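Student: Since the structure of chain A is already known, use the hints to place chain B on it.
The chain contents come next:
There are 2 protein chains.
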Amino acid sequence: MRGCPPVTGGEGGREGRLSGRQRPLVDTLSRWVEIPSVSTDPEHAQDVAASARFLRDHALSSGMTRAEVWETAGHPAVFAERIEDPALPTVLIYGHHDVQPVDPVEEWDAAPFVPLERDGQLLGRGTADDKGHMVMHLEAVRGILDAAGHLPLNLKMIVEGEEEDGSEHFDQLVAEHRGDLAADVCVVSDTGMLAEDQPALTVGLRGLAYWEIEVRAAQTDLHSGVYGGAVLNPLAVLADLLAGLHDRQGRVTVVGFYDQVTELTAEERSQLAAVPFDEAGFIADVGAVQGGEAGYTTMERRTVRPTLEICGAWGGYQGEGAKTVIPARAGAKLSSRLVPHQLAPQVTEVVERHLRGALPPGVELDFRLIHDGPFVLTPTDHPAVRLAARAVESVWGRPPAYIREGGSIPPVATLAGELQLPCVLFGVGLPGDRIHAPNERVVLGQLFRGMEAVAEMWRLFAEAGRSGLSR
Amino acid sequence: MRGCPPVTGGEGGREGRLSGRQRPLVDTLSRWVEIPSVSTDPEHAQDVAASARFLRDHALSSGMTRAEVWETAGHPAVFAERIEDPALPTVLIYGHHDVQPVDPVEEWDAAPFVPLERDGQLLGRGTADDKGHMVMHLEAVRGILDAAGHLPLNLKMIVEGEEEDGSEHFDQLVAEHRGDLAADVCVVSDTGMLAEDQPALTVGLRGLAYWEIEVRAAQTDLHSGVYGGAVLNPLAVLADLLAGLHDRQGRVTVVGFYDQVTELTAEERSQLAAVPFDEAGFIADVGAVQGGEAGYTTMERRTVRPTLEICGAWGGYQGEGAKTVIPARAGAKLSSRLVPHQLAPQVTEVVERHLRGALPPGVELDFRLIHDGPFVLTPTDHPAVRLAARAVESVWGRPPAYIREGGSIPPVATLAGELQLPCVLFGVGLPGDRIHAPNERVVLGQLFRGMEAVAEMWRLFAEAGRSGLSR
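Which chain is which? The protein sequence lines are A and B, in order.
Each step along the first sequence adds one to the number in the numbering used here, with nothing skipped, and position 318 is 323.
Each step along the second sequence adds one to the number in the numbering used here, with nothing skipped, and position 156 is 161.
So that you can see chain A by itself, here it is in the shape it has in the complex (with noise of 0.2 angstroms):
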């Protein structure tokens, strides 16, 4: 691909120079998300390990020279590359294959593991997230050694199988795979866009930590009319204790929750104001309704400012009727998404303190850190960026804005900070494409773009050559 002129835009990419690779992706991509690699489901254990599997092996049929699956304490990743030589530029792509639990699963319009097609669409779990970009890559890849013959730089790739479960094996992966692992640039691709006509490159991630609680009132379950009005209910105190988290103006009452975080500047702050985003569409589209911190707007609630949401709860009866009991216990998964410079243990202590503090002698509180990752921030001035911008523009026909993005994806961190490695973060996602939600699906169009996008990307990073990719 080394000199050829870059591809243009368009309508998805359909005029691409890889637009011979639009139907085998879609193929590929249906087959693998047949496979419900669900990481935080021990039952879908041996479909996580046949997942791993597969991309093992159409990473070998794509042209990549060696492929392997890593096992790890927990599930097992897939590493694969293509070495051309060794003096050229070499990429490191992350992802992964794993998968969100597909609960509520009646609210599918089609059975998750069955892609479905519809509208230049695929229905499916994982089809966005994330096994979409990891197909992208490896079709981008088959395109450009049968036009070419050759890669213009050296590619690998690190996908992962515990990324919906906490990531927790990665950074012991890393650390044992140094070696293999070792490039001049890491491409993530795990992120999105704004929108099918407006192009983004993701500069900075929320961090997380995400508890789980449960307050216990009773050592059993209690008859409502014998007990209801003389003992304490947990799903009350529950109740309390998470009415109790925000103000009425959205903001954490939790003392100290704000302490570490670095106000945005006035200009910081114009610059994202200037981001082309339809605020009020972006709630709409999903039905939703508006929310949070007064004094921000929904772009800087959901990527600059932190959150402390509910992301589950749980007590007493759940079935049909009318069981009139007072439950011994209640629970509930709360998360905070972390901005720079939020540390997870410092606000693990602080809401910890603060749960403890309002509730009622004599009920027991359990809370668990149970997962966590660090806040991203990524330099924009870096060279390798700057030419993945160009990349991007130069398939979508305008300049890239420049985003942080509300989610956190923990192995970024790592691949920055063990590896000193800069992060492209680029990802075709879009924002309506309910990863984590029932209904996932990918713009096929979307995808299509991103082959021709990473396709340019080698071109100029090969272009720029070692020296040029760093700062």
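Check the hints yourself; a few may be wrong.
Claimed, not checked - Which chain A residues face chain B? A few, computed with CB under 7 angstroms, are given here:
| id | residue |
| --- | --- |
| 1 | Tyr-215 |
| 2 | Gln-224 |
| 3 | Asp-226 |
| 4 | Leu-237 |
| 5 | Thr-329 |
| 6 | Thr-385 |
| 7 | Tyr-407 |
| 8 | Gly-411 |
| 9 | Ser-413 |
| 10 | Arg-439 |
I should point out that these hints are in silico values taken from the structure, not numbers from a laboratory.
On a predicted model such as this, the values are computed, not experimentally measured, just so you know.
A virtual CB, placed ideally from N, CA and C, is assigned to each residue, including glycine.
Tutor: Just chain B now, with coordinates in the frame of chain A:
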């Protein structure tokens, strides 16, 4: 039995005249408990039907001369009778053969439908509520007949199959069988006592209104990274709604909630305070935490004050691990115990109005009344109540306390209202029986004494004659 000296109490009635029926009582109850007659669960419909047939057959073998399964549009009831002489008083016994669900089943010490006898107790769903009471009555019949060849009065039993599911078709059943159900006195055996050494007769029951609510704030579940901070989280909305139902004094904040409540006079309060009742022990026995409305005793809170309790709540991710989701919806089951002279329709109206008034704009609320039943008050100066008290005293060795129960038995209102029957609420349950909770049990000594007490009650009722039983 007429003319026999009253039986004496002591160790669980071991030396009672019916002590030969103790082992058959335990054996029959155990076999009946093995039939999982959970009326709220459609999957158990056949079991409820089997339970009805079991009871019909056992009533006949116990000496009742007529026993029939009465079908309803829901679960079947059982009617049984033994008419000795139309000139004698007729007692109608009320109870139920359906049972509560067993969730959370993992908190049981043994399988809920495999009765376990230990330490003088029988563990299993329905042992106390209410199969134990029905077997107690039938073994008393068998015992009296074995000794005397006839009953001292006419006995009828109506045992419904939908008490735990709202007694939906009981009113219709009563309307259709007025003639069959005609009696002089109704004895309801679905209540309890204060302690093994403190017998009681119940003279008041709280009513019930039970609602299911759901709040919806989006069309679909949302990723907490992408949307977190910018949209209303229905779990947070629900927590606010639930937390707002009570003030810091434990008083229900719903405007109008207390409008119909008749406050007790100072004399009524001091009578209630005189009932032997271990307030601290009552709470401590189940490892619960004192709670409720300021300014009232535990006994008052659980019997003469109304409540608004959360019986269940749900939303978002409840599985293993960390799913970073903002759910589209969240729900709860709420119930009120109603006291004289609160009525379910009025309370339903003010609760719904309160919740809708507290709802943030744009959030949808479903609010449904799914079950209700009126409060009951029985006159303590009725001859039937006073004779029942004598029978209880003859067995337990001390007079029963007159108590008001916190629970609801909607059919009692039907029997008292539609059939104009004086109702004696005689049951032998204990506060620690954990009805509606895991590890339901019955204290067998209570059933044995109860058997002796009802035999004595029939003797006293017969002695009084039909005219002596009316006021």
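Student: Please write out, lowest number first, the hints stated earlier that are contradicted by the structure.
Tutor: Violated hints: 6 and 7; rest satisfied.
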